[in-house]
Amino acid sequence: MEYLYLMILTCLLVLAIAYFVNNKRSIKPSLSFAGVNRSQNGSFTLKLSKTSGENGQTETETTAATTETVEQEGGDQTVTDAEKPLDKNVRLLSPTRMVVRRFLRSKLSIVGLVMLISLFVFCWLGPVVYNRWGEIETERGVFPDYTKEIVYDENHEVEYIQLIVKYKEINSLAAPSAEHLLGTDEQGMDVFTRLMYGGRLSLTISFLAVFLISFLGIVLGGLAGYYGGWVDNLIMRICDVLMCLPTLPLMLIIGTVLDSNGVPQDWYIYLLMGILSIFSWPGMARLVRGQILYLREQEYMVAAEAMGYSTGRKIFKHLVPNIMPQIIVSMTLSLGSMILYESTLSYLGLGVRIPYASWGTMVSIISERTDILQNNFNVWGPPGICIIIAVLGFNFIGDGLIDALDPKQRR
Amino acid sequence: MFKYILKRLGISILILLGVSIILYVLLRCMPSDFVEQKILALATNGVTVTDEFVEKMKASYGLDGTILQGYFKWLFNVFRLDFGESFISHREVLSDIFRADRIGTSFFVAAVATVFEFLIAIPLGITAATHQYSFRDYAVTVLVLIGISLPSFFFGKVLQDVFAYKLRLFSIAGMTDANLSFNNPWDEFKDYIGHMALPIFTVTLLSIGGRMRMTRTNMLEVLNADYIRTARAKGLSESKVIYKHAFRNTLIPIVTGLAGLIPSLFSGAMITEQVFKLTGIGSYALNAMTQGDIPVIMTYNMFLATLSVLGVLMSDLMYGLVDPRVKLA
Amino acid sequence: MAMNSNSKKSDRHYLTGREVREIAKQNAKEMRRLEKEKNRKLPESAYVTKMRDDGNILEIENLHSYFFTDQGVVKAVNGVSFNIPVNSTVGVVGESGCGKSVTSMSVMRLLQGPTGQIVEGSIRFKAFDFKRDEKGKFIPVYERDANGEVVMEQATDKKGKPMFKNGEPVMRPKQLRDENGMGVYEKEEKVFDIAKMPIKEMYRLRGRQMSMVFQEPMTSLNPIFTIGDQLDEVTLLHVPGADKKYAKKHSIDMLNLVGIAMPERVYAAYPHELSGGMRQRVMIAMALAGQPRLIIADEPTTALDVTIQAQILTLFNDLKKKINGSILLITHDLGVIAEMADYVVVMYAGRIIEQGTASEIFHKPCHPYTQGLQKSKPTMKSNEEKLFNIPGNVPNPINMPDHCYFKERCSKCIGKCSGEYPGMYQVSPTHFVACHLYASEAENAKQ
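Protein chains in written order, with the numbering used here: chain A, 1 to 411; chain B, 1001 to 1329; chain C, 2001 to 2447.
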């Protein structure tokens, strides 16, 4: 498994390097100002005849003829822009490229991408490289020690060396060193290692929860919006009820319910976040429903109706592509908030439990131990910062996507 | 108008019923409820517990019978405005919640934070929108996004560490300094502020982001509208165009959003209160929830649900008042 | 060219990421420079000029307005020159996207920055504005008696009470008042080069000297202010000394002027309570409230149905006489032009291809495009089954080559058309056309 990660990393690196090298090599000095054509000079016909002259063509009298001969040659290199139809002259951006372009123009979204990618690499590939400690491995170092005892016995000088093996029970709250990059926590577990495993858990959970929320939201919101009538009414009333339930208290209650039902520790947080998703889909459902209701009023949907398209075609060809941008933005932003939720629950002791690691759990130690809060920043600081980086990354990307996907953009 | 409000109120009551059913069923699903915890404590102390005693105890807390019976009993009591008494403190729940140092504290923190939030977020949102894509826009956006991304418990603890432990500018936690006796109200007030400053700062910083982004988006939308061009063509100066014509239009969602703030004003910031050990309603409810104090949990959550239902209704009504285009019917 | 051959065929209509980055970089630089220019402070002498011909109120010369987009620079207005004589209507015609609206926006300096910018050229406008002293204050005109002496009156405070100082009444010169009771101030004629003016100075011209009627009456009024509020604003802004009461009276007069039946009721209404035609009238009233000398009407009748259209056009014709001003009428409707305009400018892809008096353009159209436009107008007389249409579309004005833009759609193409862009050939003293067909004719006309 670990080797798989390593391989993926290598591939990514190679690709990245290849891209940059390629980029450098193919920048042409001839690129002229602002997309204006490369050959936009005065004498078109002359120039054209000269280029075609290389192929043994004589200068023809009318330009129309020149155009033809050149085009017959099929050399798309030799057709100057002047001779192409005017509309062909305009080179635009494809819609997808335009979005990508707008997204990448905002430096914030690039920063967000970099932050997230490095977090992912850190969490998934980190344990492959830095694998001296396990996630829940407490350092119970064996420290051999010996005492020297000199006993005089019948004029013989006999030296007894007594080996006493001392177990240092737990190497807790060690300062950062080469051995433990970020020191150890009060259980003697390596903070740096736990940071990576905790990240895996936090990120995986938030992705799963968001996918579940989106799935439920899209299906139920889509049903409500598309069919209307009593279906819509029923689903929307359920939404109203769920939206009135205060989330955090609810999760606390459910946490205790799960707790006392003896859910295994490693499944516990997944179950909890699953239930959280079941209570959090109304936001997404409302978004989807609103969009569908709005789109159904649009002329092109009416036209699709009039042309007798099948329901599937209407939904997948016309509705889905139009709702997708909003859904993607909303999903990105809720990824961040899910990480926050997970860490808050863990902080309150209802999420991931020690010895298993999650960023929230790792910070939670300071809620009781003020001495650790004051003296051991290396224990609780890094996970907190990781949470901020992850949420910020998702928010930056979400913000960039909002701007990029907005068709009414000013730029 | 009157009919509309009545209709909406009717729907709200139905929603609240739904909410209460879900909550009650969930609460009764907690197997380690308050009685069992108590009995467990007794048993560990060596008291022999008979089944009869357990039944009696359950009955005294109103936990005997099926979930359905329990729910209707609760509902019946609620209609008589009897919310039961807290399992822990054995006091009337309502009077326990609506005490000055509970809801008062939470309200004070939330209200001051909200005022700061609006005072800071709206000007920031407007400058960011009027200088779109400028350095100012980016700086504001980055700061604000960082604010949104902070986990409240982490940020609260960092503030506590830096300003209370290290710099000793503010009090660490709690409501008052126990070992101080105050000679005059001014000192008392200063002490109070010293305790409240960090929680208020935390809540404000975390909430500015959303408000500012909303203002910015709205403002951008309005600035691109045709009527702004008309206003410019009239010869109005740029500041008048922005602060009269554009801002008045952005105000609509801001003002209606005010009504949506009602729940957050009274609900208390659970995590922040826990971090700073305030005795607000949030930490009170948190405590009740970890101990399975059913009457308190029910009352608190229903209180929140009622507030949020009312908040939605109020903001719809506000729309009708503020926006001349909207007619409620 | 090598790059072209490398890229796949399907990619040829799309820009590569690298090109786009290059474009964006160049654009950002250019836009920053132009924005800075727009906001810098200039002494008045830098943008006060003289008219080329004193009979004109507006002279546009070699105007270039570009949009700096990610796909390249869109040269929406590419070297446009025309004049608007005093007391006349100039019509600008062309298909959608040919730069008509951008021209008018350039005159008002309302192009949406930072993408839209005036890059080159000059727009000279003859303003008849209040004279200012060194402090920027208006100079009042005082009442004089038969001997030419300034009449003095007792000063009053804000509440209208006479003022006294040390028991003596405070005296001040009496300002001349017009029939509405508004104070009269000295005015002067000044010519501004709008294209070079700092944007702040434009507040002096917009609304008071020139105003604009936009093409979308449904969205051009602020939805949360009443019609009255929005109309009063103009009066309060542009009539010195006007108070709320006067503004209301003036606004209702304006509503009356544009033929609104119940002005009081409309005055108190919100925009959404009015129909499209009513809103357009309100827009016109708003444009008139500042008593401008030039009204720019950007497709004022496009969104309206035919009966309302006729009413609005009549209104414009009457108004021109009443306010003694000029109108720049922008439309794609030849019928409207025929009805209204004295002079016509035909635009195509950001350039003027023909201009002349209305009768010249209508009875003797020269440019094949104008001829096509004429032919594509449905008439009762023609017996042809199919309506004539000009093949193709208006090209997107990015990357325009230097030859006649109409070449591909033209049925009268000659060899010279692939050469450089035709200059303006004069066919009659007032009639110009940008087409190689008329090169010889122009020569003859000169001789």
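Take the hints with a grain of salt, since some may be wrong.
The list that follows gives simulated cross-link-like pairs (lysine-lysine, DSSO-like), each with its CA atoms no further than 27 Å apart [claimed, not checked]:
1) C:Lys2249 with B:Lys1244
2) C:Lys2161 with B:Lys1240
3) C:Lys2174 with C:Lys2161
4) B:Lys1240 with C:Lys2187
5) C:Lys2407 with B:Lys1244
6) C:Lys2244 with C:Lys2038
7) C:Lys2131 with C:Lys2190
8) B:Lys1240 with C:Lys2245
9) C:Lys2320 with B:Lys1240
10) C:Lys2244 with B:Lys1244
11) C:Lys2248 with C:Lys2322
12) A:Lys107 with C:Lys2029
13) B:Lys1244 with C:Lys2025
14) C:Lys2248 with B:Lys1244
15) B:Lys1240 with C:Lys2131
16) B:Lys1240 with C:Lys2244
17) C:Lys2036 with C:Lys2200
18) B:Lys1240 with C:Lys2322
19) C:Lys2174 with B:Lys1244
20) A:Lys107 with C:Lys2159
21) B:Lys1244 with C:Lys2036
22) C:Lys2245 with B:Lys1244
23) C:Lys2137 with C:Lys2158
24) C:Lys2174 with B:Lys1240
25) C:Lys2161 with C:Lys2038
26) B:Lys1240 with C:Lys2416
27) B:Lys1240 with C:Lys2196
28) C:Lys2050 with B:Lys1240
29) B:Lys1244 with C:Lys2200
30) C:Lys2135 with B:Lys1240
31) C:Lys2029 with C:Lys2137
32) B:Lys1240 with C:Lys2025
33) C:Lys2187 with C:Lys2174
34) C:Lys2248 with C:Lys2135
35) C:Lys2174 with A:Lys107
36) C:Lys2041 with C:Lys2161
37) C:Lys2249 with B:Lys1240
38) C:Lys2158 with C:Lys2050
Because the hints were derived from the structure by calculation, they are not lab data.
Hints versus structure:
1. C:Lys2249 with B:Lys1244: Distance ~23 Å between lysine 2249 of chain C and lysine 1244 of chain B Cα, so the pair holds.
2. C:Lys2161 with B:Lys1240: violated (33 Å)
3. C:Lys2174 with C:Lys2161: holds (16 Å)
4. B:Lys1240 with C:Lys2187: Cα-Cα ~26 Å, so holds.
5. C:Lys2407 with B:Lys1244: violated (49 Å)
6. C:Lys2244 with C:Lys2038: violated (34 Å)
7. C:Lys2131 with C:Lys2190: Within the cut-off at roughly 9 Å; holds.
8. B:Lys1240 with C:Lys2245: Holds. Lysine 1240 of chain B to lysine 2245 of chain C sits at ~21 Å (cutoff 27 Å).
9. C:Lys2320 with B:Lys1240: violated (30 Å)
10. C:Lys2244 with B:Lys1244: holds (17 Å)
11. C:Lys2248 with C:Lys2322: Given that 27 Å is the threshold and the Cα spacing comes to 21 Å, the pair holds.
12. A:Lys107 with C:Lys2029: holds (17 Å)
13. B:Lys1244 with C:Lys2025: violated (35 Å)
14. C:Lys2248 with B:Lys1244: holds (19 Å)
15. B:Lys1240 with C:Lys2131: Holds. Lysine 1240 of chain B to lysine 2131 of chain C sits at ~24 Å (cutoff 27 Å).
16. B:Lys1240 with C:Lys2244: holds (18 Å)
17. C:Lys2036 with C:Lys2200: holds (13 Å)
18. B:Lys1240 with C:Lys2322: Violated: lysine 1240 of chain B and lysine 2322 of chain C sit about 31 Å apart, past 27 Å.
19. C:Lys2174 with B:Lys1244: violated (35 Å)
20. A:Lys107 with C:Lys2159: The given pair, whose Cα atoms are some 59 Å apart, is violated under the 27 Å limit.
21. B:Lys1244 with C:Lys2036: Holds, at about 25 Å.
22. C:Lys2245 with B:Lys1244: holds (21 Å)
23. C:Lys2137 with C:Lys2158: Distance of about 19 Å is within 27 Å: holds.
24. C:Lys2174 with B:Lys1240: violated (33 Å)
25. C:Lys2161 with C:Lys2038: violated (46 Å)
26. B:Lys1240 with C:Lys2416: Status violated; Cα separation ~54 Å.
27. B:Lys1240 with C:Lys2196: Between lysine 1240 of chain B and lysine 2196 of chain C the Cα gap is close to 23 Å, so the pair holds against 27 Å.
28. C:Lys2050 with B:Lys1240: Cα-Cα ~32 Å, so violated.
29. B:Lys1244 with C:Lys2200: Answer holds: lysine 1244 of chain B to lysine 2200 of chain C is near 18 Å, not above 27 Å.
30. C:Lys2135 with B:Lys1240: holds (22 Å)
31. C:Lys2029 with C:Lys2137: violated (38 Å)
32. B:Lys1240 with C:Lys2025: violated (33 Å)
33. C:Lys2187 with C:Lys2174: holds (18 Å)
34. C:Lys2248 with C:Lys2135: violated (30 Å)
35. C:Lys2174 with A:Lys107: violated (63 Å)
36. C:Lys2041 with C:Lys2161: violated (42 Å)
37. C:Lys2249 with B:Lys1240: holds (23 Å)
38. C:Lys2158 with C:Lys2050: Roughly 42 Å between the alpha carbons, so the hint for lysine 2158 of chain C and lysine 2050 of chain C is violated.
Hints 2, 5, 6, 9, 13, 18, 19, 20, 24, 25, 26, 28, 31, 32, 34, 35, 36 and 38 from the list above are not met by this structure, while the remaining hints are.
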